[in-house]
Amino acid sequence: MSLIHETDYGTPRSKSEKEVTLTIDGFEVSVPEGTSIMRAAMDAGIQVPKLCATDMLDSFGSCRVCVVEIEGRNGTPASCTTPVAAGMKVSTQTERLKKIRKGVMELYISDHPLDCLTCAANGDCELQDVAGAVGLREVRYGYEGRNHLGKPKDQSNPYFQFDPSKCIVCSRCVRACNEVQGTFALTIAGRGFDAIVSAGLETDNFLSSECVSCGACVQACPTATLEEKSVIAIGTPEHSVVTTCAYCGVGCSFKAEMRGEELVRMVPYKDGKANRGHSCVKGRFALGYATHKDRILKPMIRETYKDPWQEVSWEDALAFSAAKIKSIQERYGREAMGAISSSRCTNEEVYLVQKLVRAGFGNNNIDTCARVCHSPTGYGLKTTFGTSAGTQDFDSVEDSDVILVIGANPTDGHPVFGSRMKKRLREGAKLIVIDPRRIDLVRTPHVEAEYHLPLKPGTNVAMLTALAHVIVTEGLMNETFIRERCDWDEFQDWAAFVAQEERSPEAVAEITGVPAELVRKAARLYATGGNAAIYYGLGVTEHSQGSTSVIAIANLAMVTGNIGRRGVGVNPLRGQNNVQGSCDMGSFPHELPGYRHISDDATRSIYEDLWGVTISSEPGLRIPNMFDAAMEGTFKGLYCQGEDILQSDPDTKHVSAGLASLELLIVHDLFLNETANYANVFLPGSTFLEKNGTFTNAERRINRVRKVMSPRNGYEDWQVTQMLAQAIGLDMNYSGPSAIMDEIAATTPSFAGVNYAMLDEKGSVQWPCNEAHPDGSPIMHTAGFVRGKGKFVVTEYVATDERTGPRFPLLLTTGRILSQYNVGAQTRRTDNVVWHAEDVLEIHPHDAEQRGIRPGDWVRLDSRSGSTSLKAKVTDRVAPGVVYTTFHHPTTQANVITTDYSDWATNCPEYKVTAVQISPSNGPTDWQEGYRELSNESRRIMPAEAAE
Amino acid sequence: MSYRAAFDAEEAAEIISELKHLEGPLLPILNEFQTRFGFVGEEAVRLVSAALNLSRAEVYGVVSFYHDYHKEPRGRHVLKVCRAEACQSRGGDAVADAAERALGIRFGETTPDGQVTLEAVYCLGLCAVGPNAMVDHQRVVARLTPEKVDALATEVRL
Chain A
1 MSLIHETDYG TPRSKSEKEV TLTIDGFEVS VPEGTSIMRA AMDAGIQVPK LCATDMLDSF
61 GSCRVCVVEI EGRNGTPASC TTPVAAGMKV STQTERLKKI RKGVMELYIS DHPLDCLTCA
121 ANGDCELQDV AGAVGLREVR YGYEGRNHLG KPKDQSNPYF QFDPSKCIVC SRCVRACNEV
181 QGTFALTIAG RGFDAIVSAG LETDNFLSSE CVSCGACVQA CPTATLEEKS VIAIGTPEHS
241 VVTTCAYCGV GCSFKAEMRG EELVRMVPYK DGKANRGHSC VKGRFALGYA THKDRILKPM
301 IRETYKDPWQ EVSWEDALAF SAAKIKSIQE RYGREAMGAI SSSRCTNEEV YLVQKLVRAG
361 FGNNNIDTCA RVCHSPTGYG LKTTFGTSAG TQDFDSVEDS DVILVIGANP TDGHPVFGSR
421 MKKRLREGAK LIVIDPRRID LVRTPHVEAE YHLPLKPGTN VAMLTALAHV IVTEGLMNET
481 FIRERCDWDE FQDWAAFVAQ EERSPEAVAE ITGVPAELVR KAARLYATGG NAAIYYGLGV
541 TEHSQGSTSV IAIANLAMVT GNIGRRGVGV NPLRGQNNVQ GSCDMGSFPH ELPGYRHISD
601 DATRSIYEDL WGVTISSEPG LRIPNMFDAA MEGTFKGLYC QGEDILQSDP DTKHVSAGLA
661 SLELLIVHDL FLNETANYAN VFLPGSTFLE KNGTFTNAER RINRVRKVMS PRNGYEDWQV
721 TQMLAQAIGL DMNYSGPSAI MDEIAATTPS FAGVNYAMLD EKGSVQWPCN EAHPDGSPIM
781 HTAGFVRGKG KFVVTEYVAT DERTGPRFPL LLTTGRILSQ YNVGAQTRRT DNVVWHAEDV
841 LEIHPHDAEQ RGIRPGDWVR LDSRSGSTSL KAKVTDRVAP GVVYTTFHHP TTQANVITTD
901 YSDWATNCPE YKVTAVQISP SNGPTDWQEG YRELSNESRR IMPAEAAE
Chain B
1 MSYRAAFDAE EAAEIISELK HLEGPLLPIL NEFQTRFGFV GEEAVRLVSA ALNLSRAEVY
61 GVVSFYHDYH KEPRGRHVLK VCRAEACQSR GGDAVADAAE RALGIRFGET TPDGQVTLEA
121 VYCLGLCAVG PNAMVDHQRV VARLTPEKVD ALATEVRL
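Keeping their order, the protein sequence lines are chains A and B.
Following this note's numbering, the numbering of the first sequence begins with 1 at its first residue and continues without gaps.
Following this note's numbering, the numbering of the second sequence begins with 1 at its first residue and continues without gaps.
There could be a bad hint or two in this list.
No farther apart than 30 Å at their CA atoms in a straight line, the calculated lysine-lysine pairs in the DSS-like style are these [as the list claims (entries may be wrong)]:
no., chain 1, residue 1, chain 2, residue 2
1, B, Lys20, A, Lys430
2, B, Lys71, A, Lys151
3, A, Lys153, B, Lys71
4, B, Lys148, A, Lys423
5, A, Lys151, A, Lys229
Quick caveat, the hints were computed from the structure, so don't treat them as lab data.
Remember, it's a predicted structure, so these values are computed and weren't measured experimentally.
Sequences are here, hints too, so could you generate the full structure?
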């Protein structure tokens, strides 16, 4: 293993299809028209020295090191800003050029600390490289003149430092922030000698500035000016391994740069097809949880959750679990056991858990956390298109002319894709945002939504149907597409339905709270603005009509013909790294891998033959039903892998009561999470850095996860599940994740062509990948819908039963924030807490004033389900009548408030709408205090020695 | 010409809404701020960046680039003394020293009473009659001597 050095071509790739041939240093080179001379040279293996150029950024031409001579042209143009021309004869090394470059370098070095040996970037510094390349041997100007060596460092960001004394003012950081990340947080302040990189205003530092800590500037810096603090502390890495981020559903590829088994830093991988070399603060920097002192590394057991934990050996923990499982099934029947798998874990691990349930427990009581996020996506898109997945790859956004974002907040939830979307918007694509809250995309430097439709939470279906009404009644549909691709009779029924006056924007304005004219304009733009793509998130799915909304979105795409090519489509932004994969792997109680129904005899027999068992044809329990059954006493044991259901599932009190009535709760996790407060077996888990496997991202891309260090708990998660299976007598004996994937491929048609050798060779592949699509499927439904004809389904708006009234007059909706991830189990254990140390309640100034609430006050939040308290943030981001909070912190427990209402089709909980009342408060509620006590009590651990 | 040396957010908002429609409205707005308030401070930068949908870093980059945007209020009057070579050769150094002494401040500073800011300027184009100075961007004074500077300083302070 060695350190992966990616080639830097200096300037971005030209998209032109026309080839131009020129000669560089006597070699003939053919490149696409519009390519820079610098890039053309690099293509031919000729490296022109450069400082301000890098291929992630547009050329700039400020450093004057990359100058070349061109036959027949005067002067020495910069090779980065000069495009190639046919027949051009370029020289990159002449006496004149050498002199210029050396002279420029002398000037740079005359104002640079000569501390290379003790510099953190020693050996990884482009300034150093260029000094070597130009043969710099002396600096005629000396070092005594005015310089910047005494400038103070900015250490405010927890992950990197800014040392202006080493800065050569090449602007790469500023341009990376602008062009790649799209935040525009940096500038060059002052001019001439005083020019300096500045984050925000003069009184700002990196932390107080608009910087979102994505790391693009650090990656772009050619010197040690912007440097990871981990590199300063540890030293430069010696080898690297390409792997996939374990945070959100974007699935960024990273190089894990290592020193032995120690992670030095994560650097986004340019060949990563989801992220194209970009990253966000989580994937790039928030890795400290992997070595956090809270991690539990030894198995633990206890008779009941009220006892202290007892550390034991793996053998004892597994034997204890197996005995309990056996006893439960003997006393209460086979159906009394079940498992919940996690969208945080690999495809292979998830596959094993469902196998453990179906073959080992002998029932179908397997569900996954996707139940509570994107299960309506699976249902809605399968119904209309025939495949439970998004239709595009992320690159597709580069060809979109209109982007409709509904119920998603890409710049916080899916930041790397958010940046790619913003880039397209800056190029001129038009944006429509449908969201109760003014998310950043509505207006952020150089991006402004054409229309923001701030609808009332819970009225998505009314809104989407009103958009369809405008398209149909104003004749904006794509009839050719519909006749060719969709079922015409169903379309006609649907069109007649949406065309009814009661679905018009005017008629539903009262319900949605959005003026009709705005809805009409948005509909016209979507239907007539060129390639139109819809991106949506949990603001669509987590409703009582989540599945209906997904169907309504699919209807919009079909009626306008925005399906089946680049730039268009229906794109669910998946919350977690492997939501898509965990759903694909048969994690639902009614589906075997590949979304094949459990009642299908042919599919069942494939697995029955392979595993040598009989599989029940009856769907098992969904997560909420498990809790109900536990309360009724028919469900007694649960294996919960990598998911903190107590904090993440709605109606916390109901969940905790359900968990408390179990006889066996096995929590398999990195930390003693909130769910573990009710567990009696704890099996320590491994992080994504400690195991092999695959994650499937939101664009159906199967990415490899590669082990970069030994599991600190001793075993990779798939091994733990396998040992548990063996302990209950199941014959499960895989040699590793690769063998598990081979079984998945052999039994699941859409994965038939997938194997590790192929993934290693191609980097990644998008399913379906089989004989029909050997290279995978970046865009789906290109020649026709997977189900045959696209299906239009009538979408009747039915208001949720959760309604405001005199007692609960406000609507609470929930979401997430950039720096924290989900229930925060990982990110709360990193320095990301400097950006978001606690959950706060956003409330409109009008509602705050009525209740006498000032910014920063403690407020009490009451709903029919429960109450909690947190601090208020008074802001007009939310509309009057709507309040908003995040659910990252267990001390807040926002889900004490949420109700048990859920999607009619999939039981996906209605997190996004809860009627609440807000009142001033002095501090935590009784529930919060009581829960904190219980949780402290429950986390007592007796070390193995003391127990003997 | 004199200005209030105080920022008024309401007036600033009016200036922005008046000039926002221009193509490339940033510089005209900043110019108007400088003219009316005498400086372009951080509050002004925040206001303009929000109004024009720019980042505050971008606006600060522009403001800090031009020397004629001042980040703090300056004196009611500005005395610019030429420090370029031609004036130096005609006794400009002594004149500059005298200006600092007479006002009791250094170049770039403002008198504690807020009356006068002393600045260096590099050539007013009147080298034949130097050393030269300029008062409040409009009145040029030539053939300066330390004595004349004393008188000028007293006059400007009034």
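Straight-line Cα separation of Lys71(B) and Lys151(A) no greater than 30 Å?
-> holds (21 Å)
Assess, step by step, whether the Cα of Lys151(A) is no farther than 30 Å from the Cα of Lys229(A), and give holds or violated.
-> holds (18 Å)
Holds or violated: Lys148(B) with Lys423(A), Cα cutoff 30 Å?
-> Distance ~60 Å between Lys148(B) and Lys423(A) Cα, so the pair is violated.
30 Å Cα cutoff - pair Lys153(A), Lys71(B) | holds (23 Å)
Are the Cα atoms of Lys20(B) and Lys430(A) separated by 30 Å or less?
-> holds (21 Å)
Of the hints listed earlier, the one the structure fails to meet is number 4.
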